[in-house]
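Participant: In case you want the letters, here they are:
There are 2 protein chains.
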Amino acid sequence: MARIGKLVVVGVGLIGGSFALALKEAGAVGRVVGVGRGGRNIRRAFDLKIIDAAGAFDRATLADADLALLAVPVGQMRAVMRAIAPLLGARTVVTDAGSTKEDVVALARRELKGALSRFVPGHPIAGTEKSGADAAFAGLYRRRRVVLTPLKGTEPGALALVRSAWQSCGASVSELQPKEHDQVLAAVSHLPHVLAYALVDQVARARNAKQLFSFAAGGFRDFTRIAGSHPEMWRDICLANRKALLVELKRYGVELERVKKMLARGDGKALEALFSGARGARERWLKDAQ
Amino acid sequence: MARIGKLVVVGVGLIGGSFALALKEAGAVGRVVGVGRGGRNIRRAFDLKIIDAAGAFDRATLADADLALLAVPVGQMRAVMRAIAPLLGARTVVTDAGSTKEDVVALARRELKGALSRFVPGHPIAGTEKSGADAAFAGLYRRRRVVLTPLKGTEPGALALVRSAWQSCGASVSELQPKEHDQVLAAVSHLPHVLAYALVDQVARARNAKQLFSFAAGGFRDFTRIAGSHPEMWRDICLANRKALLVELKRYGVELERVKKMLARGDGKALEALFSGARGARERWLKDAQ
Chain B
1 MARIGKLVVV GVGLIGGSFA LALKEAGAVG RVVGVGRGGR NIRRAFDLKI IDAAGAFDRA
61 TLADADLALL AVPVGQMRAV MRAIAPLLGA RTVVTDAGST KEDVVALARR ELKGALSRFV
121 PGHPIAGTEK SGADAAFAGL YRRRRVVLTP LKGTEPGALA LVRSAWQSCG ASVSELQPKE
181 HDQVLAAVSH LPHVLAYALV DQVARARNAK QLFSFAAGGF RDFTRIAGSH PEMWRDICLA
241 NRKALLVELK RYGVELERVK KMLARGDGKA LEALFSGARG ARERWLKDAQ
Chain P
1 MARIGKLVVV GVGLIGGSFA LALKEAGAVG RVVGVGRGGR NIRRAFDLKI IDAAGAFDRA
61 TLADADLALL AVPVGQMRAV MRAIAPLLGA RTVVTDAGST KEDVVALARR ELKGALSRFV
121 PGHPIAGTEK SGADAAFAGL YRRRRVVLTP LKGTEPGALA LVRSAWQSCG ASVSELQPKE
181 HDQVLAAVSH LPHVLAYALV DQVARARNAK QLFSFAAGGF RDFTRIAGSH PEMWRDICLA
241 NRKALLVELK RYGVELERVK KMLARGDGKA LEALFSGARG ARERWLKDAQ
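Sequence order for the protein chains is B and P.
Using the numbering used here, you'd call the opening residue of the first sequence number 1 and step up by one each time.
Using the numbering used here, you'd call the opening residue of the second sequence number 1 and step up by one each time.
Okay, chain B solo, but in the shape it has when bound (with noise of 0.2 Å):
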């Protein structure tokens, strides 16, 4: 296990938050400095023990770092790029925990300059539906699956460290090209957020809203959790990943079509192969999981 001396961590909330935690629970990490546009949440987040001291984006708090995590919202990444480069040292690697990758990738190219070799894209695949100081605990990313995007260029030493790392996490790490990673997301997460808020979009501005909510039981109630997520960030993953998002809709729209026309032509034979083979599917999921 690598120990990482000083550990900074931009935007101390439920990600970053969790990893600060993850690694002082495993012993690897030295010392943490969490840096923050939130007074108050920093505050707290000392308060907590999630980090020993608050920095700034100053070569104090940066160059003798050894590595550096980028948790901050997509929309505010490249603000952040811009502002650490310069007062990066020679040896400090950075990651970030975005939920897309091309748009992240392609602002570090643009903007970390020297240190892009040292930079390993990441993202944690976990998550609540609370965010800030207060909703950290070290075991978010307990057999959790984190993606590394690593480039062509990217120092082998920089993946092992940020690969250790989230393994000291109790995470279990892969590697995808960006692309790939926006495309598997795209399927499986970004998806299912934007259907689910479709969802209660279309009840909400039904004539019969209130009726219709009021008979609304425990399955809505799982089926829509995920529309419970915070607006502004899905707005911004579903922005960044709008292309492969496009693709998954438009074929949903195409599997709609399919059961329509079971439906109407009331094939009772196709539409229980579809579910029986729907729950069979998730069923071998669940177990595979385990």
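Simulated from the structure, these hints should not be mistaken for laboratory data.
Bear in mind that the values here come from a model prediction, so they are computed numbers and not experimental data.
Capping the alpha-carbon separation at 20 Å, the derived lysine to aspartate or glutamate pairs in DMTMM-like fashion look like this:
#	chain 1	residue 1	chain 2	residue 2
1	B	Lys260	P	Glu232
2	B	Lys210	P	Glu255
3	B	Lys130	P	Glu283
4	B	Lys130	P	Asp222
5	B	Lys260	P	Glu257
6	B	Lys260	P	Glu255
7	P	Lys261	B	Glu255
8	B	Lys250	P	Glu255
9	P	Lys243	B	Glu255
10	P	Lys287	B	Asp222
11	B	Lys130	P	Glu272
12	B	Lys250	P	Glu257
13	P	Lys261	B	Glu257
14	B	Lys243	P	Glu257
15	P	Lys260	B	Glu255
16	P	Lys250	B	Glu255
17	B	Lys210	P	Asp288
18	B	Lys261	B	Glu272
19	B	Lys261	P	Glu232
20	B	Lys210	P	Glu283
21	P	Lys130	B	Glu283
Dock chain P against chain B, hints included.
Facilitator: Frame of chain B; chain P shown alone:
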């Protein structure tokens, strides 16, 4: 609270068995007789004290019953109604637990003959993915909604008895027109089930299905939980309510086109408004439902 001297449950599974257990726990029923096709399930129901005796489609079972609950799959409803119609006593009230109501009402009009005025169509909006007598428990209907869809000629006494029985189970009872019931359930239950099955099917049929599933996480799991539901049961529900379901699927297609257009033109403001509105509507619903 009306006390039911003798209750006959046709189909002693999760729904029928839980009704019997709840009434027993409330002290609202005397004797419970179970009727079913599967000898093993009926014996299990007896061992579990869900029923006091096993009956059959004969006068000894049905002629002196105060209430008969038909808790069989919609596909068996016609045969069951036809079998019991000549056996029912002059006072026996009949109700059902089917997930769709227009089709059940149409069957009842054809099959129940003189007992039609004592038939109270019903739908308890409750359930789990489990089935059979083993899955039954007294608390299934506590704080859940039950919809009754009485007909013009339904005897007030019959309606009052069924209403009181469900209230004894802890449920909140509403009345709707059969058609209205089917439209409401198409929007908040049948549509989400079809959407969840379709998403799992889409992922399972992808060229890289194995990879996609391997990166699916908690959001996907909750969104698709209802795709773990019973395929034959949902085939029957979809077919029975296909008119209303097709209307909802068409509306959903229009909704998705709206979202696609927002994405295609990169309209972050519109996306955020939709996501934010949906989240707010869902939060209000959850708050009201408590």
